[in-house]
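Protein chains in written order, with the working numbering: chain A, 341 to 1094; chain B, 250 to 383.
Calculated directly from the structure, the hints in this document are not laboratory data. Built from N, CA and C at the ideal position, the CB exists for glycine as well. Any given hint could be a false lead.
[As the list claims (entries may be wrong)] FRET-style restraints, in silico, Cβ to Cβ:
hint : chain 1 : residue 1 : chain 2 : residue 2 : range
1    : A       : R561      : B       : P315      : 36 to 44 Å
2    : A       : R958      : B       : L301      : 51 to 59 Å
3    : B       : G348      : A       : D372      : 27 to 35 Å
4    : A       : A831      : B       : G348      : 50 to 58 Å
5    : A       : D439      : B       : L301      : 42 to 50 Å
6    : B       : L301      : A       : D784      : 43 to 51 Å
7    : B       : G348      : A       : A418      : 22 to 30 Å
[Stated by the list, open to error] Chain A stretches covered by chain B per the calculated footprint, using a threshold of three residues with CB under 8 Å from any CB of chain B:
hint : segment
8    : 346–359
9    : 378–392
10   : 609–615
11   : 627–641
[Said to hold, decoys possible] Beyond 12 Å from chain B on every Cβ pair, some chain A residues (computed):
hint : residue
12   : A369
13   : A529
14   : Q574
15   : L711
16   : G753
17   : L789
18   : A801
19   : K806
20   : K839
21   : G880
22   : L882
23   : D897
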Amino acid sequence: MNDLLEQFLDETRELVQSATEDLLALEAAPGDAEAVNRVFRAFHTLKGSVGLFDFPPWFSLLHAAEDCLSAARAATLAVDSALVDLALETLDATGRWADAVEIGGALPETADAEGSALAGRYRSLLSPGPETRATDAPALPVWASRLSEPLSGIEGRPLIAVRYQPRGDCFFSGDDPLGLVRKVPGLLAVTVEPAVPWSPDDEFDAFACNLAITLVSEAPRAEIETVFRLVGDQVTVVDLPTAIYPRIVPSGTMSAGAPALEPVVAAILAEQVRVLAASDEADTDAGRLEACARSAMNALRSTGRSSAAERCGQALGSGPDALRAAIEAILSNRTDAATPTDGEEAYGASDPLGGDAARTLRVDSARVDVLVALVGELVVARNGLGHLAAQAEAGEDAGTLARAIREADANIGRLSTTLHRSAISLRLTPLSSVFRRFGRQVRDAARGLGKDVVLVVEGEATEADKGIVENMFEPLLHVVRNAIDHGLEDAANRRQVGKPEAGRIRLKAEQDGDGIVVSVSDDGRGIDPAFIRRRAVERGLLQPEPVATMDDAAVTDLIFAPGFSTAESVGALSGRGVGMDAVRAAAARMGGRVSVESRVGLGTTIRLHLPRTIALARIMVVGAGTESYGIAMDAVVEVVRRPRTCVHAVAGGNATVLRGRTVPVFRLVELLGRGDRPLDGDDALLLVVRVNGETIAVEVDRFEARIDAVVRPPASLVGSVAGVGGTTMLGDGRVLLVLDPAGILADASAPAGG
Amino acid sequence: MSDTGSLRLETPRVLVVDDGALVRMYYRGIFERAGFAVDEALNGIEGLERVLRATYDLLVVDVNMPKMDGYSFLRALRGRESPIRSIPALMTSTEAAEGDREAARVAGANFYLVKPLSEDVLVAHARALAGSRP
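Required output: the full structure, derived from the provided sequences and hints.
What follows is the structure, given as structure tokens:
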């Protein structure tokens, strides 16, 4: 059942998303019948799904929403901002409740009140004016909502529930509580419980009444109230709305709810009589008649009453009236033929809310198919190895064997590379999931600032790793809010400069080589380099002279500098203490970077350059002097500790003998141009690295850690330093230089070769 | 006479016609636990396609579906000149009003259950309608 809940949460979030978009579209074009229909369908599905679990306030809310949307779909209710806002609020609540359910398995405590308030607003949309009895009706008391469970068999009839708690001294005023209850007409169910837990024996008062009686009746309310007229102050009478549904009870804990088959059979037989009577279309009559006969016979046979079933079968040939008569006859003396059948059976525990909800990944099945096919090929290739082993045992010629093994190796190598690529592609997910969230965000942000904003989205089908996609929302949101808050001028200013009053924000994604570029463009005022120069100096970020000589693009880049905020005033939206430096840091954490392009008066584009896949590299962190550096483990052959006496000075450098081979030894601190410290320690810590077939040993001061990290290609400036393969960010935020062994070798082999 | 109403001793087969993916998943879990073989259709049109291709002992049909709703589906099924028109149908809906129940009867549903429904109620009715012994 956990799967079901997981699926439910996934689906709920998607539906909330799509319905939000459609509502926003509707707000722009209220006459869009297709959009109304889609919104209706989303709510309808949401309601159906919520109904699978035990969340009564959620279900009632969605039911109320669906009623309104159904009216909107039938054009009997106008699609106005009141309805759109209410629906959006409902989706908000739904999103929050889904989160609460995911975390704690239950709705928040406020859900009840919030749900009925929203539902009330829907009802008043449908019936404005004084006729709002349903809206004003108090929420159902807890004791009454608990009745839903035992009532699972009797749906659809108006029922009255009564809670009768006689006063403690009621016996002394001559009341007979149980006698009263016996007078209630149409009684369907009674429970009697202690009103408060029984006192210990020595305090027990045998003359005090401590009963709480709950009963359900199908009689009219007035008749019931008459019975209790003398104890009206001790009685609560409630109409059980048909909206109370039997809830899903995990079968394992269900005590009395499992219906015996006999009433089910009787109900099915009775229903066939009604179905036969309901016929109104001649061309479906034959089918209906046969289906009724088959249903009735199946029901009868399922409790072992073949002779009664046979009677139905015979009646079938004589038409619907004969069948009806036969079924009614069986119904009327059903007690005679009753064979008690125990319908109870353990269906297995089914707890819709139990367990943890692991994060799921939705994968296009075509991608899984590719993966499965590849694994199949790999299995075949592996079988080939067994064959080779057999050949080797049989004394096959070494040359032939070597060739075969090399072929097998190439084949498996190709497969594993493809497999790796396919596995990575499993995690690819379209950016639409992120982009879709912006419709709502832009609308709310624009509203909050009193600006008119049009959002244009492009390239949402672009794909990237799930982790990247999920993590880009926050930084993007920050950029978008900034653009609306600071980038876009207000309507008056825009008019002045001849721009359309509505500002334009464009959210765009595109693939760029191995990575993706996500950009946020506005057609606002642009970033004025003169202003940035001034501000940078004011903030003490730079001295006046270098700022004056920097070109405009470099100056504009300063907006990403920590501590730089271009906001003239702290906006309610974007001025939350994080500037664009937070955006840059977020991009860096994902292994990406940011850039900005701006033209005064025309607008600004902020670009997030992000990797498409997260290629985790295994990095060994080593110390040289006081610094730490990373080296890709791929290149590291082994890590050895050698007595320093085994490292010999040779012409132009040092060398040691490892496994019978002479290996040049370089000190990392020297390679990095910091090697003026004397050697210390008795042992040399050597990192044996192989590049392009050559083996060298690099002496380091410390082995610190092995980590898995995203390695970013070196930024332009660092990249020019030979031997730097890239950078990665450590858990504590420090940037680690990752050395490129090939670069080190190229640099080092000159002196070594001399 | 056809085999109408014969007691099936092999695995009973149910077709769930419902547009809610989650609802179908929920039904599938319930029916599979109860020993049914389960097929799914997303709407009435798919439902008809399925019914024409395989033999079913029971249809569980939602009312409100896009493309072809449950009423139209049942009407189309009951009007066919073929034994498939006799397959018992259980209609499920969130509407509990008598008018909705009557509409289901007119369309040719053999039973009507109001959603949400409990596993036990659903299984008990499904077993009786499909003629499988519990």
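Hint check results:
1. Range check, R561/A to P315/B: about 40 Å between beta-carbon atoms, so the 36 to 44 Å window is met.
2. Between R958/A and L301/B the beta carbon distance is about 57 Å. The supplied range of 51 to 59 Å therefore holds.
3. The hinted window of 27 to 35 Å between G348/B and D372/A holds, with their beta carbons roughly 30 Å apart.
4. Between A831/A and G348/B the beta carbons are some 51 Å apart, a value that agrees with the proposed interval 50 to 58 Å.
5. For the pair D439/A and L301/B, the supplied restraint of 42 to 50 Å holds, since their beta-carbon distance comes to about 44 Å.
6. Between L301/B and D784/A the beta carbons are some 50 Å apart, a value that agrees with the proposed interval 43 to 51 Å.
7. At about 25 Å, the beta-carbon gap between G348/B and A418/A stays in the expected band of 22 to 30 Å.
8. Against chain B, the segment 346–359 of chain A contributes 3 residues with a C-beta closer than 8 Å to a partner C-beta. That satisfies the three-residue criterion, and the hint holds.
9. Only residues whose C-beta sits within less than 8 Å of a C-beta in chain B count toward coverage, and the segment 378–392 of chain A has 8 of them, enough to reach three; the restraint holds.
10. Here the segment 609–615 of chain A counts 4 residues with a CB under 8 Å from a CB of chain B, which clears the bar of 3, and the coverage holds.
11. Under a criterion of three residues with beta carbons nearer than 8 Å to beta carbons of chain B, the stated coverage of the segment 627–641 of chain A is upheld, 13 such residues being counted.
12. Against the 12 Å criterion, A369/A stays outside the reach of chain B, whose nearest CB is about 21 Å from its own CB.
13. Residue placement check: A529/A keeps its beta carbon more than 12 Å from all beta carbons of chain B (closest about 17 Å).
14. The claim that Q574/A lies off the interface holds: its Cβ sits roughly 31 Å from the closest Cβ of chain B, which is beyond the 12 Å cut-off.
15. For L711/A, the non-interface assignment is confirmed: its Cβ lies about 23 Å from the closest Cβ of chain B, beyond the 12 Å cut-off.
16. Every C-beta of chain B lies more than 12 Å from that of G753/A, the closest at about 41 Å, which supports listing it as non-interface.
17. The beta carbon of L789/A sits about 38 Å from the closest Cβ of chain B, which is more than 12 Å, so the claim that it is off the interface holds.
18. A cut-off of 12 Å between C-beta atoms confirms that A801/A is not in contact with chain B; the least separation is 22 Å.
19. The beta carbon of K806/A is kept farther than 12 Å from every beta carbon of chain B, the shortest such distance being approximately 21 Å.
20. With a minimum CB-CB distance of about 42 Å to chain B, K839/A clears the 12 Å threshold, and the non-interface call stands.
21. Under the 12 Å C-beta cut-off, the non-interface status given to G880/A relative to chain B holds; the minimum distance is some 57 Å.
22. The claim that L882/A lies off the interface holds: its Cβ sits roughly 57 Å from the closest Cβ of chain B, which is beyond the 12 Å cut-off.
23. Listed as a non-interface residue, D897/A keeps its Cβ farther than 12 Å from every Cβ of chain B; the least gap is roughly 47 Å.
Hint check: no violations occur; every hint is consistent with the structure.
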